[in-house]
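Undergrad: Read off the chains here:
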Amino acid sequence: MASPDPVAASSSDAALIAAWQAGDEQAAAELVRRHARALARFLASGGARDADVDDLVQETFIRAFRAVGKFRGQCQFRTWLLTIGGNVLKDAGRRAAREKVVPLDDALRDRDGDPHEQAVAGEAADRLREALLRLPRMQREVFLLRAQQGLAYEEIAAALETSAGAARVHYHHAVRRLKEHLE
Amino acid sequence: MNDHELHDAKLQELARQLGAQAAERLNVQATAAAVLRRLSVREQERTLWWMQPSWLRAAAAVVLIAGGVALWHTGGPRLPVHPSHYVAEDLNGLSADDLRNVLSGLDQTLNGTEPAEAEPGLNELSPEQLKAVLRSLEG
Chain A
1321 MASPDPVAAS SSDAALIAAW QAGDEQAAAE LVRRHARALA RFLASGGARD
1371 ADVDDLVQET FIRAFRAVGK FRGQCQFRTW LLTIGGNVLK DAGRRAAREK
1421 VVPLDDALRD RDGDPHEQAV AGEAADRLRE ALLRLPRMQR EVFLLRAQQG
1471 LAYEEIAAAL ETSAGAARVH YHHAVRRLKE HLE
Chain B
2 MNDHELHDAK LQELARQLGA QAAERLNVQA TAAAVLRRLS VREQERTLWW
52 MQPSWLRAAA AVVLIAGGVA LWHTGGPRLP VHPSHYVAED LNGLSADDLR
102 NVLSGLDQTL NGTEPAEAEP GLNELSPEQL KAVLRSLEG
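Just so you know, the sequences run in chain order A and B. Going by the working numbering, the first sequence opens with residue 1321, and the numbers climb by one from there. Going by the working numbering, the second sequence opens with residue 2, and the numbers climb by one from there.
Do not take every clue at face value.
Residues from chain B shown here face chain A by an in silico Cβ test under 8 Å; the list is partial [to be verified]: (1) A16; (2) L27; (3) V29; (4) Q45; (5) A60; (6) L95; (7) S96.
Listed next, the in silico SDA-like pairs over lysine to any residue satisfying Cα-Cα at most 25 Å (straight line) [unchecked claim]: (8) A:K1410 <-> B:A10; (9) A:K1390 <-> B:N102; (10) A:K1410 <-> A:S1483; (11) B:K11 <-> A:R1357; (12) B:K11 <-> A:P1456; (13) B:K132 <-> A:G1393; (14) A:K1499 <-> B:A34; (15) A:K1410 <-> B:L15; (16) A:K1390 <-> B:S41; (17) A:K1410 <-> B:A35; (18) A:K1499 <-> B:N28; (19) B:K11 <-> A:G1470; (20) A:K1410 <-> A:A1339; (21) B:K11 <-> A:A1451; (22) A:K1390 <-> B:A10; (23) A:K1410 <-> A:G1393; (24) A:K1390 <-> B:R43; (25) B:K11 <-> A:A1484; (26) A:K1390 <-> B:L37; (27) A:K1390 <-> B:A34; (28) B:K11 <-> A:G1393; (29) B:K132 <-> A:R1457; (30) B:K11 <-> A:R1488; (31) A:K1499 <-> B:R43; (32) B:K11 <-> A:R1418; (33) B:K132 <-> A:S1483; (34) A:K1390 <-> B:R39; (35) A:K1499 <-> A:A1451; (36) A:K1390 <-> B:R26; (37) B:K11 <-> A:R1454; (38) B:K11 <-> A:K1390; (39) A:K1410 <-> B:R17; (40) B:K11 <-> A:Q1469.
If you're looking for bench data, these hints aren't it; they were derived computationally from the structure. None of these values were measured; they are calculated from a predicted model. All residues carry an ideal CB built from backbone N, CA and C; glycine is no exception.
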């Protein structure tokens, strides 16, 4: 694949979205390059198996690009993308349940993954991952958007179509329950 | 920083570590290429989806037109053309017995069976009622 266009790489998300809507595929590729890793972290933390992360990232971007006309800039593109990722993850969980493969909630992650990673991953991180999967979806997503992605409550609220106060409440409930699980 | 804040900070630090390995493993260039490829495939599928019915409609129209033209030239079966005619218009000159006979004949035609010997229902009807029954059978 060709190296990224330096002009595209320096463009804002909004400019890239407009370019993509005008038919510029490289603008879409730049958006993927820019946000794919953050999305992958979000999906993996939300319960995606390692083996599925790449496919779920792709599916999220495809849904986002096809629905980009509905994005009104109410929040950052990345935040909007992460909420779509949450929907993709939920749908994947339903599919897995229908097909009677190991459910995402039980799988937590691919245990056959990199042994080095297994060794490095601390017990606390594993317990946090397990605890996250026991949270209601809204609490889990608010917690990850806030604690992992570092977003403001106003930004989270705009993406999840709720109020900043409600997002704050979800976050504090999530933190309380996670602490209970970790202690 | 108090214990509570320290705990929150630790929790956030742990949250930031989650998924880091999966993110690192992701081949971003390959993912971007795959997304573009899949978008292109879906676009083609959508195009085909929209095109197919047009082709089917066009083909069906051609078949119908060609079939119609062929039928016309071969002098095939044509629908009988005659003006609308309602039997009820001819009922005025009929007696009650005639009307009963007509109704019995209709029964026979509709049921494909011989009329019952006794038709007590019809015998009890006046000529006007019999005409009304016949008109209602005409629809």
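Undergrad: Determine for every hint whether it applies to the structure shown.
TA: Results of checking the hints against the structure:
no.	hint	verdict
1	A16	holds (4 Å)
2	L27	holds (5 Å)
3	V29	holds (5 Å)
4	Q45	violated (14 Å)
5	A60	violated (31 Å)
6	L95	violated (72 Å)
7	S96	violated (76 Å)
8	A:K1410 <-> B:A10	violated (28 Å)
9	A:K1390 <-> B:N102	violated (74 Å)
10	A:K1410 <-> A:S1483	holds (22 Å)
11	B:K11 <-> A:R1357	holds (22 Å)
12	B:K11 <-> A:P1456	holds (22 Å)
13	B:K132 <-> A:G1393	violated (76 Å)
14	A:K1499 <-> B:A34	violated (41 Å)
15	A:K1410 <-> B:L15	holds (23 Å)
16	A:K1390 <-> B:S41	holds (20 Å)
17	A:K1410 <-> B:A35	holds (22 Å)
18	A:K1499 <-> B:N28	violated (34 Å)
19	B:K11 <-> A:G1470	holds (14 Å)
20	A:K1410 <-> A:A1339	violated (30 Å)
21	B:K11 <-> A:A1451	holds (15 Å)
22	A:K1390 <-> B:A10	violated (36 Å)
23	A:K1410 <-> A:G1393	holds (24 Å)
24	A:K1390 <-> B:R43	holds (19 Å)
25	B:K11 <-> A:A1484	holds (24 Å)
26	A:K1390 <-> B:L37	holds (20 Å)
27	A:K1390 <-> B:A34	holds (24 Å)
28	B:K11 <-> A:G1393	violated (32 Å)
29	B:K132 <-> A:R1457	violated (75 Å)
30	B:K11 <-> A:R1488	holds (19 Å)
31	A:K1499 <-> B:R43	violated (44 Å)
32	B:K11 <-> A:R1418	violated (37 Å)
33	B:K132 <-> A:S1483	violated (76 Å)
34	A:K1390 <-> B:R39	holds (21 Å)
35	A:K1499 <-> A:A1451	holds (9 Å)
36	A:K1390 <-> B:R26	violated (31 Å)
37	B:K11 <-> A:R1454	holds (20 Å)
38	B:K11 <-> A:K1390	violated (37 Å)
39	A:K1410 <-> B:R17	holds (21 Å)
40	B:K11 <-> A:Q1469	holds (15 Å)
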